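Using the hints, build the complex out of the two chains.
Here are the chains, one letter per residue:
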Amino acid sequence: MNTKNIVLLIIIAIIFIIPFFMYNGLGEDEGYFGGSDDAGSSYIEENNPDYKTWSDVVWEPPSGEIESLLFALQAAIGGLIFGYVFGMYNTQRKARDQK
Amino acid sequence: MHIMEGYLPPFWCAVWYVLAIIVVAYGVYQIKKITESNDEALPLLALSGAFIFILSSLKLPSVSGSCSHPCGNGLGTVLFGPAVTAVLATLALLFQALLLAHGGLTVMGANVFSMGIFGPFCGYLVWKALRSMNVSGSIAMFFTALVSDLLTYVMTSIELALAFPGANMLTTLAAFLSIFAVTQIPLAIAEGLLTSIIYDYIVKARPDILVKLNVIPEEEVGAN
Chain A
1 MNTKNIVLLI
11 IIAIIFIIPF
21 FMYNGLGEDE
31 GYFGGSDDAG
41 SSYIEENNPD
51 YKTWSDVVWE
61 PPSGEIESLL
71 FALQAAIGGL
81 IFGYVFGMYN
91 TQRKARDQK
Chain B
1 MHIMEGYLPP
11 FWCAVWYVLA
21 IIVVAYGVYQ
31 IKKITESNDE
41 ALPLLALSGA
51 FIFILSSLKL
61 PSVSGSCSHP
71 CGNGLGTVLF
81 GPAVTAVLAT
91 LALLFQALLL
101 AHGGLTVMGA
111 NVFSMGIFGP
121 FCGYLVWKAL
131 RSMNVSGSIA
141 MFFTALVSDL
151 LTYVMTSIEL
161 ALAFPGANML
171 TTLAAFLSIF
181 AVTQIPLAIA
191 EGLLTSIIYD
201 YIVKARPDIL
211 VKLNVIPEEE
221 VGAN
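Those protein sequence lines, which keep their order, are chains A and B.
Going by the working numbering, the first residue of the first sequence is number 1, and it counts up by one from there.
Going by the working numbering, the first residue of the second sequence is number 1, and it counts up by one from there.
Only chain B is shown next, with the shape it has when bound in the complex (with noise of 0.2 angstroms):
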């Protein structure tokens, strides 16, 4: 999902940069309130930032016969919610831009936008519409890290085909969907497979947590 250094023009990178800074700096603020309420959030929050470190440094084969990094993004989606995850989501792309050439200053706000902040939102809307319909917190923490990872790549696919239309847009946007979404599906499946089992592990551990954050009912402690 990173767009590399340089392979953005200005235009867009300013118009990404704007909306990005715009929802971390909303993300900063929930941080600090929400660590200021609650002790038990800061350690739940590095829970999340870690899972994004380690799943976006792992670049993973796929059955399209290309390589692709999963997100992480899911999980800090359904704890903290979208925002927050966007602050997350640039540490990590921060390290990469710096240490790794792995996207870069100048596309910074487009790849903040696709993996912190359109993937999470689509897995939020998921998150959100599931567990209104009682789907129970494992299967929708499934959907809501599939649909992030998977989002994540469809956004990187619209930003490129915004700035590089070519002669027909959506002929554009097919083939740039065809290099990063297809590759992603599988290893969205196995991030939503694994994003849930962490989840499940969560909320058998500290149940009482999840709840102050809202993330899960009262009633559903002991449930399980």
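With the rest of the complex left out, here is chain A (with noise of 0.2 angstroms):
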């Protein structure tokens, strides 16, 4: 990790920290943070009354804990495999720096 890297790691974070500060104290009931899906969903069921949705999901979390638990399952997933690889390049990079 060279130093160009940790300043870029850290506008990354910033960039994503600044919302909490600009909407301090708001929450999903004042309609924030909610998510932007639902809000393009919800345009449409306002301004397209008649439209039934004519398929609905195989299957649905039961509950936001079920929910969080499948979506750090999915990040966990990828996070084991690029880990594995990067893993894998970093000993390749190391023994080909010793040559």
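These are calculated hints, taken from the structure and not from any lab test.
Incorrect hints may appear among the rest.
Claimed, not checked - Chain A regions said to be covered by chain B (calculated; three or more residues, Cβ under 8 angstroms): (1) 4-11; (2) 15-24; (3) 31-44; (4) 52-66; (5) 86-97.
Unchecked claim - Lysine-lysine pairs mimicking PhoX-like chemistry, simulated, CA-CA at most 25 angstroms apart: (6) B:K32 <-> B:K128; (7) B:K59 <-> B:K212; (8) B:K212 <-> A:K94; (9) A:K99 <-> B:K204; (10) A:K94 <-> A:K4; (11) B:K212 <-> B:K32; (12) A:K94 <-> B:K32; (13) A:K99 <-> B:K212; (14) B:K128 <-> B:K59; (15) B:K204 <-> B:K59; (16) A:K4 <-> B:K204; (17) B:K212 <-> B:K128.
These numbers come from a predicted model, not from an experiment.
Yeah, the Cβ is synthetic: ideal placement off N, Cα and C, and Gly gets one too.
Have a look at this one:
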């Protein structure tokens, strides 16, 4: 990790911390920090009252807890594979540099 | 960028399905070809897919006041091209459609088209254009990832505006863009920065694979 990358990572963190300061104290009940996917669906419902959704999801997580479990699982699967390949590349790089 | 299950009329579901299937099928063919001719491609392919898996699971806050998720589709686009990225994005979208009620099977074609095809394809054009102007790999990667992410959300807005044009399709498009694309701007910038860091790392660790995949020219190896 060189300095440039550390600075970039800090900038990334700041980008996501700013909204918490901008909308401090406001929550889902006031219409903040909701998902844009849901906002899109609500817009369709409001402007097309005659439209009937014609199919339904195969399965829905029964609660917010289960949903966050599955989201964490998705990130964990990705993280495992990602870390494995990165670790492998790191070792190969060291082996190459020692030659 | 997920269009929710049921929120797209059957006609449009079919249109996007047809387009998506053609590209995904070509992507599968390309993956077969690449992995057969190059043993080193598989870990990198797994890395690109894993990156999409991680990033698309993170719902992040935006200065617009709502939350959205990045796509992670820029990395695969640069390393393997848009068609292969379409296959990788399909895997992540399937996971979310089946287990998380995000998106769905009938809208799969539309969601694959935005996140797996249109976004990456626009990103690919940016990559090619910047690289032909001798812009460095890390900077070109930043813009490629930014564009792939942002244009994914623009495409979602277009898909919805086409299906629900209302009185005036352009006003409707503007409304969807303000919901999806505006929220996405800071996320796309952050995704660009992160993808650029990852790209940098891969170039330093294993430039030989990138040369084999024609991502970077031979002369660039060892230059940084």
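Do the hints match the structure? See the list:
no.: 1; hint: 4-11; in the structure: holds (count 4)
no.: 2; hint: 15-24; in the structure: holds (count 7)
no.: 3; hint: 31-44; in the structure: holds (count 13)
no.: 4; hint: 52-66; in the structure: holds (count 9)
no.: 5; hint: 86-97; in the structure: holds (count 6)
no.: 6; hint: B:K32 <-> B:K128; in the structure: holds, 24 angstroms
no.: 7; hint: B:K59 <-> B:K212; in the structure: violated, 35 angstroms
no.: 8; hint: B:K212 <-> A:K94; in the structure: holds, 21 angstroms
no.: 9; hint: A:K99 <-> B:K204; in the structure: holds, 16 angstroms
no.: 10; hint: A:K94 <-> A:K4; in the structure: holds, 21 angstroms
no.: 11; hint: B:K212 <-> B:K32; in the structure: holds, 16 angstroms
no.: 12; hint: A:K94 <-> B:K32; in the structure: violated, 30 angstroms
no.: 13; hint: A:K99 <-> B:K212; in the structure: holds, 22 angstroms
no.: 14; hint: B:K128 <-> B:K59; in the structure: violated, 30 angstroms
no.: 15; hint: B:K204 <-> B:K59; in the structure: violated, 30 angstroms
no.: 16; hint: A:K4 <-> B:K204; in the structure: holds, 14 angstroms
no.: 17; hint: B:K212 <-> B:K128; in the structure: holds, 17 angstroms
Taken one by one, the earlier hints fail for this structure at numbers 7, 12, 14 and 15, listed in ascending order.
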